[in-house]
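Kindly produce the complete structure, drawing on both the sequences and the hints.
Heads up, the sequence shown is in my numbering, so the first residue is 1 and it goes up one at a time.
Worth double-checking, as some hints may not be accurate.
To be verified - In silico lysine-lysine, DSBU-like type, Cα no more than 35 angstroms apart, as pairs: (1) 24 / 3; (2) 3 / 57; (3) 6 / 24; (4) 57 / 6; (5) 57 / 24.
Calculated directly from the structure, the hints in this document are not laboratory data.
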Amino acid sequence: RTKIGKVMRATSMDELPQLINVIKGEMSLVGPRPERPEYVDLFNIQIARYGDRHRVKAGITGWAQVHGLRGQTS
1 RTKIGKVMRA TSMDELPQLI NVIKGEMSLV GPRPERPEYV DLFNIQIARY
51 GDRHRVKAGI TGWAQVHGLR GQTS
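Given below as structure tokens:
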């Protein structure tokens with residue numbers, strides 16, 4: 001970790017590329033967050049219609065976080 005990296009993280013400047021992607025229309029403010037690849041295969045088996053989450057744009061934050069739900073996060 002570098003000093004500049006710590007400053008960027010502390011000020012959330014490291015999130016700027018995602019905000020630019022929202023402005024460009026490539027991402028949404030609220031949408032499914034990326035999942036670790038090892039979980040995707042498992043969730044496709046265990047959760048009905050899990051693949052539907054890939055039909056919408058990824059988001060900077062998820063629906064559950066907007067509504068105050070946390071649970072286990074990855």
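Status of each hint after checking the structure:
1. 24 / 3: holds, 30 angstroms
2. 3 / 57: holds, 33 angstroms
3. 6 / 24: Judged against 35 angstroms, a Cα distance of about 27 angstroms means the pair holds.
4. 57 / 6: Holds: residue 57 and residue 6 sit about 29 angstroms apart, inside 35 angstroms.
5. 57 / 24: holds, 12 angstroms
In summary, this structure violates none of the numbered hints.
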